[in-house]
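**Q** Residues per chain are reported as follows:
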Amino acid sequence: MALLGYDLFLARKSLRRNPGLTLLVVVGIALGIAVSTTFAAVRHAFQTDPIPEKSSMLHSVRLDSWDPAAPHPDRVGVPPQVTYRDMVEIMKSKIPVRQSGMFKTNLYVFPADKAQNPFEEMARVCYRDFFAMFGAPFAYGGTWDEKADGGEPVVVLSEPMNQKLFGGVNSVGKTVRLRDRDFKVVGVLAKWMPNLRFYDLTQNYIGEPENLYIPFGLLRPMELQLAGNNDGWGPNTGTGFEGYLASESTWIQMWVELPNAQAVAAYKSFLDAYATEQKKIGRFQRPLNNKVTPLLEYMADREVTPRAVKSLFAVSLLFLAVCAVNLIGLLLGKFLARSGETSVRRALGASRKDVFLQHLVECQLVSAVGGVVGVLLALGALSGINAWLKSQTGRGDLFALDLPMLLVALALTAGAGLVSGLYPAWRACQLAPAVHLRIG
Amino acid sequence: MLKMTGIRKVYRTDLVETHALDDVTLDVKAGEFVAVMGRSGSGKTTFLNVAGLLDTFDGGTYTLDGMDVSRLSDATMSRTRNEKIGFIFQSFNLIPDLDVFDNVDLPLRYRRMTAKERKERILSAVEKVGLSSRLHHLPSQLSGGQQQRVAIARVLAGDPRLILADEPTGNLDTLMAREVMELLLKINEQGATIVMVTHTPECAARAQRAIHLLDGRVVDGDSHFGHLRSVPTGALAAAI
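Residue numbers (this note's numbering), protein chains in the order written: chain A, 1 to 440; chain B, 1 to 240.
Hints in this document: simulated from the structure, not taken from any laboratory.
Treat the hints loosely; a few may be bogus.
[As the list claims (entries may be wrong)] Rough simulated footprint, nothing fancy, chain A against chain B, three-plus residues with beta-carbon under 8 Å: (1) 48 to 56; (2) 104 to 110; (3) 131 to 138.
All figures in this text were calculated on a predicted structure; none of them were measured in a lab.
All residues carry an ideal CB built from backbone N, CA and C; glycine is no exception.
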């Protein structure tokens, strides 16, 4: 370590000595770092824990109410959503600290300001626990009361929607007309932008959270239509909207907050008992296979990180490795070309270790320069991907180089420097000074 | 200071075995100035490499400043070279993109000295060889004689017990050769032991004694020239 400053001084001199070669090495490392860091950041966006303070307590609930003739095609063999009738029954459990069934629907919004045209907006239909469960912060007011879960016309607005309808002022107590009735604003969310819409991983989970939240109890009186996935089997036994609600169609995401392992076990027993009970009336004919799955495990089950992203990340690492390996030859040639100088250093007291570290520092310095350029290129690439994503989903901030990703870039840069520099540095330190020194 | 007994060095290929040093026995006392002479291929280079711990040997014993250097680790050998031995080469061997200051600094860096101590030693050494005004010149901006003086300053800064000089005047014109020889003599008078490989009898004549190598063997280790160490005159002066 005592020679680190000196080694850096020598490395700078050496890099300036062959600017063309230095540029070639920098470009090689920069391309490798740019590609690998870009795909590392993309992968990271999908794999980051969206709510680390309580992700272990949030559990997705899945019931195997599926067709006795064949398992559900989902990779775990259980439908990712539950039927309305099952949701109503399991919501009666007192085991979870919080719980909510939910789905999304489209509603027309009629602004009080007549200068604004009505517009269609996605709304989440849920229970009052939704906000506390998923960490949605309030700027004004709060969630609705328990009685309103039964179907009172109250609404929670997102920050952008409050801005749009009320100019961002505290709108609690004001009225907004949704479809055919007036809703009283009970709460306005503060800025809330989880990296994914993790509470509904059934489709289009890359996107901003919904702008309207209304009580689940409004489902029947408003005959709210599902705007998400509907997955069912068997014919409807009833007709119309009530027939749909009584069917085996699964379309409701069910979440519970369970504080510990005992609560999870108790809740799992409760679900199994419920399914066993249902078997008596001819439902749940498949073997018991109910799932109470913590959030991160559920994200893995749902393959939230697209396979293409995983593959591209692996390929990008391979690309970086190829870049680094290609540089071995360049650096080896460069180091061996100055074997005379190395031998002078050895003669004047540099040990093999000193020579090895001197050359390794040079590799790391050139790699660091390449890494900085690579990170700048990755920022540009991510900006391009975000722009494309915004055109597809409306969200343009999903991929970013945050601190963990910068550390990844740093590690990749150091790794590339080591891969490309270890062998040339080792060869340099193994030079026999007596052979390369011009004496005699 | 330098004591070799029965030193052997053999280079082997599949077909040929070359005895570069064959039973070399030599004792150089502290403060001596010894010239090593011999024709090309006589083993002078191998001798210098072994003496400077730049190469291993196959047999015999070598004691440097009281330390058996037969089986030293690379780190110890490097430290010994750094602290006890100074090299002066025929082709100077300065680092081309380091200026005079940084070239003289080189051995001190590997001694892990403080910046202050290094600077003091460098300035003092460069002043002794008369190049204070060239401190930030690159080797390419100096004459051959000046470059060799930088190499000598590099040795002086390290203050070694033993100086191994390889044809130190070989690449210099007469005037510069004389300056360099005078410097070496001065250094020797101040206590350093010098072993100098040379082709020229006139340079060897300025050493206290000379040894002759032939086919890797010491054939004459007792030529004393102490009487010639005074300032040379006539043909000798012209040659140096």
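**Q** Please go over all the hints and tell whether each is borne out by the structure.
**A** Status of the hints after comparison with the structure:
1. Under the rule that three or more residues need a Cβ within less than 8 Å of chain A, the assignment of the segment 48 to 56 of chain B holds, with 5 such residues.
2. Note: the segment 104 to 110 of chain B has 4 residues with beta-carbon separation from chain A under 8 Å; the three-residue rule is met and the coverage holds.
3. For the segment 131 to 138 of chain B, the stated coverage by chain A is violated: 0 residues have a C-beta nearer than 8 Å to a C-beta of that chain, whereas at least 3 were required.
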